[in-house]
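Just so you know, the sequences run in chain order A and B. For the record, in the first sequence the residue sitting at position 362 is 362 according to my numbering, with numbers rising by one throughout. For the record, in the second sequence the residue sitting at position 168 is 643 according to my numbering, with numbers rising by one throughout.
No lab work stands behind these hints: they were computed from the structure. It is possible that some hints are incorrect.
Below, in silico cross-link-like pairs of lysine-lysine (DSS-like), each with a Cα-Cα straight-line distance of 25 Å or less [what the hints assert, rightly or not]: (1) B/Lys794 to B/Lys704; (2) B/Lys691 to A/Lys126; (3) A/Lys181 to B/Lys582; (4) A/Lys424 to B/Lys644; (5) A/Lys181 to B/Lys807; (6) B/Lys582 to A/Lys176.
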Amino acid sequence: MKNFYRKVAFGLGPDEKVPSDPLEWAKDQLNEIPEFSWKGKILPEKELRNHYRDYVYGDRKVLRKKFKNDKDGYKREKNKLRHATGQKFWWNLELCIRYSEALKSETPVLAKLWYFWGNHFAISEKDFLAQYTTGAYQREIIRANMNQNFEKMAQEATIGWSMIHHLDNEQNIGPKSQEAKWAREKGKTKGVNENHARELLELHTVSPDCGYTQEDVIQMAYIMSGWRPKWGKRRLETGDVHFNPDAHEPGTKIVLGKKYKRGRKSLSVAITDLVNHPSCRKFIAMKLCRYLITDNPTQEMMEPIINAWEKSDGFLPEVHKAAVEVAFNYSDKYNKFQNPENWLLQMSKMADVDLIPSPSFMDLYKLGNKPIKDQRALERLMDELGQHPYLAKQPNGWSDMSEDWMSPELLIRRLVYAREAYYKKSGKSQTTEFYEEMIEKNYDDPTEILQIINQHKELVHKHVILFNLPETLKS
Amino acid sequence: MKISRRNFLKGSATTLFLAGFNFPVLANTDKKKNLVVIMLRGGMDGLCAVPIIGDKNFEKRRKDLILDETIKLNSDFALHPKLKNFHNLWQNNLGAIVHATNIPYTKRSHFDGQNLMETGGHIPYSIKSGWLGRGMKLAELKGDGLALALPMPLLLRGIPSNDNFYPSKKRLPRTELLQLLKSVYTDKSEHDLANMMEIIANRSMMSSGGTSMSRKNSSLAYKAGLELKKINGPRVAVFEVDGFDTHAAQGGVNGSHSDSLIEMDSIFKSLEKGLGPEIENTLVLTLTEFGRTIEQNGGRGTEHGYGSAIFMAGGLLKKSQVYTDWPGLKRKELFEGRDLNSTIDARSVYASAMSTVFDTDFKRVQKEVFWGDKLQDLSDKLFKI
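Please take these sequences and the hints and turn them into a complete structure.
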């Protein structure tokens with residue numbers, strides 16, 4: 001049962017009491033969205049997007065022209081521009097905010113589910129989104145909606161600037177739209193870009209199980225045509241997302257048998273229909289089970305989550321509570337191989353590793369400067385562990401399947417960074433008594449675990465073994 | 476320019492000839508053969524790497540990017556002067572090029588293009604495995620892949636238990652600790668973990684012998700060469716080279732495209748060194764998402780294009796040659812009036828390579844890896860079979 005604390009959160013830290021009712025402890029964390037526990041600076045998405053704008057504009061419109069014959073000069077000035085716009089800093093700050101929720105907040109269960117949703121509506125590696133806006137998108141659109149209906153999160157994520165740009169919807173132009181006509185007059189062709197529409201169906205809502213066709217994808221893309229950032233000479237593609245009727249495909253569209261009229265409202269109506277499709281709740285229930293419990297969820301596991309969804313109209317706190325309860329009920333039967341990020345956070349929490357730089361230290365950063373090494377520690381560490389949360393390779397996010405995290409090099413990283421982490425612990429947590437207490441609190445069979453790790457004398461070795469035992473790798 | 480539209484690779488005789496032989500796996504399995512794929516990310520400019528000689532259209536549109544002192548390969552094509560190692564291979568019949576080729580992706584997003592170059596599909600993100608992984612699965616090569624990268628590239632997905640090597644700068648724990656974990660894994664029937672720990676324990680012994688732990692592609696390639704050489708070592712290796720997206724300051728022998736080409740070239744050299752005589756049983760291929768526009772842009776760089784080139788190296792090549800069905804560079808011959816066209820589906824090269832190296836019937840590769848898409852069997856034209 002004790003693996004439940006790691007399944008739905010990151011284990012119990014040294015200052016935490018063992019909850020008398022573990023399930024209630026978990027459920028109580030899911031009603032409200034508290035303030036961030038990070039006490040340092042937190043920038044709004046819009047401000048970060050402006051930094052991104054300055055970078056894109058400066059590189060594309062200024063430096064490339066100015067240094068067209070001077071590769072080294074170009075590189076030098078581009079580096080300056082990176083620092084002038086905080087390119088190496090912001091994502092480290094975002095990681096501090098992100099990990100504080102796991103390690104320092106009263107709501108680690110909410111944090112673990114936040115990571116789930118951030119990855120569900122993933123912004124994968126594209127341009128420099130990760131360095132500037134992905135973290136803020138996950139704060140303002142994903143986390144902020146975790147006490148709302150799924151529909152609201154889906155609506156906002158779909159027309160969020162990050163998502164629209166990430167999935168190329170700015171290039172999605174109705175072939176019969178005004179803009180396409182203008183383009184034809186100039187001898188150019190403009191047409192639909194299906195990318196975003198496909199992912200909305202496949203990854204974000206109903207999934208291929210619902211049986212949509214390629215024609216549904218195209219029709220969905222027609223509905224989405226015209227939703228794009230407001231273009232400006234200076235802001236380029238970084239303007240706020242709006243609906244531009246000139247790029248919108250006229251006429252009625254049909255998706256999954258339902259008709260949608262032309263115009264601005266059709267997208268939101270279509271999303272409402274998608275999130276209410278039975279395949280959508282089934283898909284989300286499956287993904288939650290896969291994330292928390294096992295690679296291959298059973299119908300039985302999914303059922304209570306689907307029921308909670310139906311009863312509450314997809315109200316996320318209820319859906320989350322149902323998922324957590326299923327995880328509790330199956331905690332003795334299933335252990336889930338943890339991805340590198342969750343593994344690191346568990347180790348940091350249980351063993352009291354000082355993972356996150358302090359707010360005052362991070363706030364020392366001045367725009368224009370190169371951040372100092374320790375301000376960039378988290379970005380580097382996540383890269384080394386093989387899972388930077390803002391750099392998933394594809395729009396389907398980081399994998400929830402165990403086999404994708406099983407490779408020798410990835411396991412090596414857990415060995416060497418377990419060792420590194422040990423030296424980031426305070427002296428009072430570098431004692432045998434500390435480990436005995438921690439293991440007692442977090443593992444079902446402490447005697448066996450202690451017997452294994454005690455085969456090595458030095459505490460650092462015990463630490464490395466503990467965090468690479470199957471009981472830890474799988475929770 | 477002497478080249479006209481030639482049909483080097485258009486013969487359908489090959490396909491007809493092979494059609495009679497439908498063995499699932501061909502018999503020639505006595506030698507261990509290796510396949511190496513180098514992914515060139517960002518859009519490799521085939522016309523910068525392998526420029527055409529004496530084409531007025533080319534010279535006119537790229538006047539600031541034309542290279543001096545290129546290495547002449549034949550009457551029609553030259554080689555970028557910094558590709559010295561590749562040129563050595565070429566001189567020993569160990570290097571060849573397929574030109575005016577690309578995956579069937581004609582839009583210009585890196586993001587979508589790189590996804591498709593790895594999956595081999597038509598619709599971005601619709602396929603969740605790589606063509607190489609599927610090919611290995613077909614040939615039952617479980618545990619035979621090595622990625623010189625972290626995490627596992629999509630290209631190798633589709634078969635489990637691939638190895639990867641991308642050394643951490645930190646020291647591994649002592650061997651006794653690794654052995655203890657391995658025995659715990661075994662006791663608890665965690666066989667996948669136990670197998671990996673075995674690999675790690677062996678690796679730890681090797682690295683204490685002073686093997687370089689650099690992440691530079693040149694040293695990774697040396698290491699990979701040594702592994703591929705082993706009879707029980709991996710049979711497939713995958714590299715990544717970034718930085719081909721040169722929108723600015725691309726030009727000249729020392730331009731930014733050169734830096735990435737030099738890195739690619741260093742892989743050829745180190746692989747050859749690591750492999751020793753086993754280079755004879757190895758085939759190395761490059762892979763990119765698209766080429767670049769013919770026309771230089773305002774920043775003396777190039778924009779995203781279409782047709783590019785594939786570099787090939789190793790003893791499984793038939794001979795040194797530039798294989799192409801050259802489409803020409805007049806405006807009407809260009810793709811959408813701006814890019815070198817692709818006249819050979821790059822996947823025909825990759826399918827033929829897998830068929831040759833994995834000793835698997837081309838038609839099965841075509842059917843099971845590339846969904847029966849219309850591809851040409853080029854095996855007997857390009858490779859020793």
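Consistency of the hints with the structure:
{"no.": "1", "hint": "B/Lys794 to B/Lys704", "in the structure": "holds, 22 Å"}
{"no.": "2", "hint": "B/Lys691 to A/Lys126", "in the structure": "holds, 24 Å"}
{"no.": "3", "hint": "A/Lys181 to B/Lys582", "in the structure": "holds, 20 Å"}
{"no.": "4", "hint": "A/Lys424 to B/Lys644", "in the structure": "holds, 18 Å"}
{"no.": "5", "hint": "A/Lys181 to B/Lys807", "in the structure": "holds, 24 Å"}
{"no.": "6", "hint": "B/Lys582 to A/Lys176", "in the structure": "holds, 20 Å"}
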